[in-house]
Amino acid sequence: MFVARRLVLAHFWVAFAAFAAAILLGEWQMYVRSPLSSWVNNPEHYYRSVTAHGTVMAYVLPTLVAMGFGYAICELALKRPLIGLRWGWAGFWLVIAGTVLATIPMAAGWASVLYTFYPPMIASPLFYLGVVLVVVGSWVWVALMSVNLRAWRRDNPGAPVPLAMFGNVTGAYLWAWTSVGAAIEVLVLILPVALGFKDTIDAGLARIFFSWTLHAIVYFWLMPAYIAFYTIVPRAIGGRLYSDNMARVAFVLFLVFSMPIGIHHLFAGPHIGAGFKFVHAMMTALVSVPTLLTVFTIVASVEIAARLRGGRGAFGWVKALPWGNPVMLAVTFSFVMLGFGGAGGLINMSYQLNETVHNTQWITGHFHLIFGGAIVIMYMVVAYELWPQLSGCRPLPAGLMKAQLWLWFVGMLVLTMPWHWVGILGMPRRMAYYDYANPAMAGQAWTVTVSAIGGALLVLSALLFVYVLWRSQRVAGDPEPFTFSLPAHPTHVPRPLNVFAPWVAMMIALTVVNYGFPIAQLATMKESSVPAVRMGGP
Amino acid sequence: MRGSIIALVAVTVVSLLLGFVWLPSAHSDFTAKGLWDAICRAAGVPASWGGGEVVTRKPGTSVVLLPEMARAGTSDAAGRGASLALEKCTMCHGARGVSAANAPNLAGQYPEVIIKQMLDYKRGDRASAAMQALAAPLDEKQIRELAAYYASLPRPRNTPFTDMSKAPPLVRVGAPMRNVAPCASCHGGMEQKLGAPWLEGMPKEYLVAELSNFAQGRRTNDSHAQMRNMARALTAKEIEEVADFYARPTGE
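As given, the protein sequences belong to chains A and B, one line each in that order. Residues in the first sequence are numbered from 0 upward in steps of one, following numbering that gives the first Met the number 0. Residues in the second sequence are numbered from 0 upward in steps of one, following numbering that gives the first Met the number 0.
Because the hints were derived from the structure by calculation, they are not lab data. Mixed in with the good hints, there may be bad ones.
[Said to hold, decoys possible] Going by beta-carbon spacing under 7 Å, a handful of chain B positions derived as facing chain A: (1) M0; (2) L7; (3) T11; (4) S14; (5) G18; (6) F19; (7) L22; (8) S24; (9) A42; (10) G43; (11) P66; (12) M68; (13) V172; (14) V179; (15) M189.
Given the structure is predicted, the values throughout are model-derived calculations rather than measurements. Glycine included, C-beta positions come from ideal geometry on N, C-alpha and C.
With the hints as constraints, model all of the structure from the sequences given.
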């Protein structure tokens with residue numbers, strides 16, 4: 000790497016430190032509402048903790064990882080120094096300032112509105128201003144990714160953009176457009192109320208704007224994991240990437256289809272027409288296509304690695320895989336969790352089936368499995384892979400890494416499988432306590448204990464993860480130059496898979512079709528506002 | 000590239016046709032008035048359903064609670080309220096707003112609570128032979144002055160409970176399976192909601208009587224039936240229990 004090493008390291012350290020703190024809150028939440036503990040005396044403490052856990056895990060951790068990984072890709076894939084290093088630091092400090100600004104009201108109990116804001120609940124304006132600063136900081140990153148790509152193109156006219164950078168910029172453009180929804184919600188609808196200029200808020204409209212962000216943000220979180228699937232995993236396990244162009248197809252499909260589908264989060268909302276809900280359900284089904292393409296391509300790449308190592312037979316090659324390699328382990332765990340989580344996701348997005356699981360613990364199980372499981376385990380791989388480059392240390396201890404990955408995998412399944420099960424039985428989510436004395440619920444009490452045990456395993460794994468990074472950084476070494484995966488076949492990249500403009504245009508056009516009418520309808524409807532519910536604080 | 004755009008347009012058009020034409024066709028409600036009406040309904044455009052008379056019941060209260068009602072009044076207003084109170088209220092509610100006659104304490108009560116209840120008495124939405132007669136001649140300005148006066152008086156017990164674990168479960172966590180919210184989530188302790196009165200130190204007889212009135216539907220001036228829905232689910236013993244808690248002597 001050239002100049003961005005410390006910048007990337009700063010992003011990763013803040014992300015993982017916040018992650019370690021937030022996971023403790025998550026485990027506390029599981030413990031106090033399990034039969035192992037008596038009811039939490041003040042439910043507000045529970046929601047305060049949920050807000051902090053969600054805000055860190057959903058905004059701070061993935062945004063910083065995506066930004067840090069993006070800067071690293073800029074240098075490692077484009078093989079030139081990052082342009083705009085100072086701007087990068089400015090963006091970093093904006094994110095830090097925003098995090099601190101949002102933490103103060105959260106800790107004081109002035110912002111227990113959960114990370115999804117849920118108007119008409121209104122928190123202290125400091126909380127929203129903090130979140131806005133985090134987003135603005137990430138916009139600096141979006142701009143830098145675009146500037147760096149443009150400069151590289153100028154010097155390499157007509158050359159295919161390296162795959163890692165292509166995925167990286169896809170993620171950046173996706174985030175730029177998807178964050179607009181929540182930005183409008185906060186700036187236009189929420190902040191005037193939070194600052195006291197208004198006493199009512201159009202909660203339905205606000206939730207539509209949030210849904211604009213809420214689903215595609217998942218794909219922004221997911222992008223670093225997918226970039227790792229395509230550009231790190233095949234190389235790390237000694238194979239080749241099966242198809243470079245398939246990866247590009249998957250990335251542009253995410254760009255087009257991940258954004259205009261968020262109304263599937265509002266299937267139970269009375270303020271949206273059934274027709275739009277159905278259209279969003281259809282398009283959500285389509286966004287599973289790039290994931291299925293990815294699973295196919297990566298399994299094929301893994302098979303190449305196995306056959307290069309002498310694997311034989313229709314399934315016998317599985318034995319020849321480098322199972323002692325932490326990356327092999329991680330990608331396997333990630334795919335198992337992606338499989339369960341994805342299958343659950345197909346149920347969530349089905350307009351009818353959703354009725355069964357809406358707002359139950361099933362949903363909590365789903366997003367922990369797919370984000371906390373399949374994606375975060377790949378964040379860990381990214382950190383492990385980049386660490387020698389970033390800190391100039393020796394290769395990381397494989398034994399500890401494998402123990403950590405196993406703990407994360409087992410912990411996540413033990414945490415989320417009971418949630419899925421009781422979700423089908425109807426256990427609601429976002430509850431500070433359950434009345435286990437009630438005979439109707441007593442039979443489900445054990446599942447909450449099991450989830451709390453799964454959470455404890457995750458805490459151990461997270462602390463081990465931070466420990467491995469911290470300890471490795473203290474031992475200097477001489478790392479080999481970083482490389483990305485090579486494709487199995489010589490690749491000709493067709494022009495449409497080397498540019499962004501038409502895909503971004505399709506993304507925006509589809510947004511207008513899918514969101515235009517519901518937004519216009521609610522924005523012009525009279526008397527659709529409700530009184531704000533202030534959550535305390537100045 | 001052209002193929003991708005055509006495919007995207009085709010997918011979108013097919014989704015729209017399915018969502019707005021085919022799906023509504025399964026519901027007679029949607030298709031009753033023809034294709035265009037079905038599309039409008041699928042888009043969520045409000046339409047009048049059926050066309051029958053809509054029966055509206057008179058709401059239990061006509062007072063709209065506004066955040067400005069909760070602001071402390073000026074000392075002038077409180078002074079005028081004090082003279083008015085001396086003449087009209089002290090007989091039952093005590094010389095300094097703390098009752099010795101099982102009438103509710105008013106000292107330190109939130110101003111919007113007093114404004115709302117007085118307006119409800121004045122407009123006949125809350126029944127009481129004494130209070131309706133006393134409230135009838137007062138105008139809204141006088142009511143606000145009374146509220147400002149009582150809000151300025153010291154409460155019989157200023158801190159609510161600090162240790163929530165000593166409160167009865169109904170106050171602390173409610174009864175979730177019966178949809179009873181915790182008292183403390185509106186009446187102070189965890190959260191103070193606009194229009195919810197300060198209850199600490201209230202006479203037990205008054206609390207029991209009013210909770211029973213809500214439960215039996217004799218009192219209906221709670222907006223959106225909030226208190227009726229809570230009280231209806233409570234047993235007589237539970238009503239006693241929460242009333243005992245809020246009326247407990249100072250120092251406990």
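Would you pick out the hints that fail for this structure and give their numbers low to high? Violated: hints 8, 12, 14.
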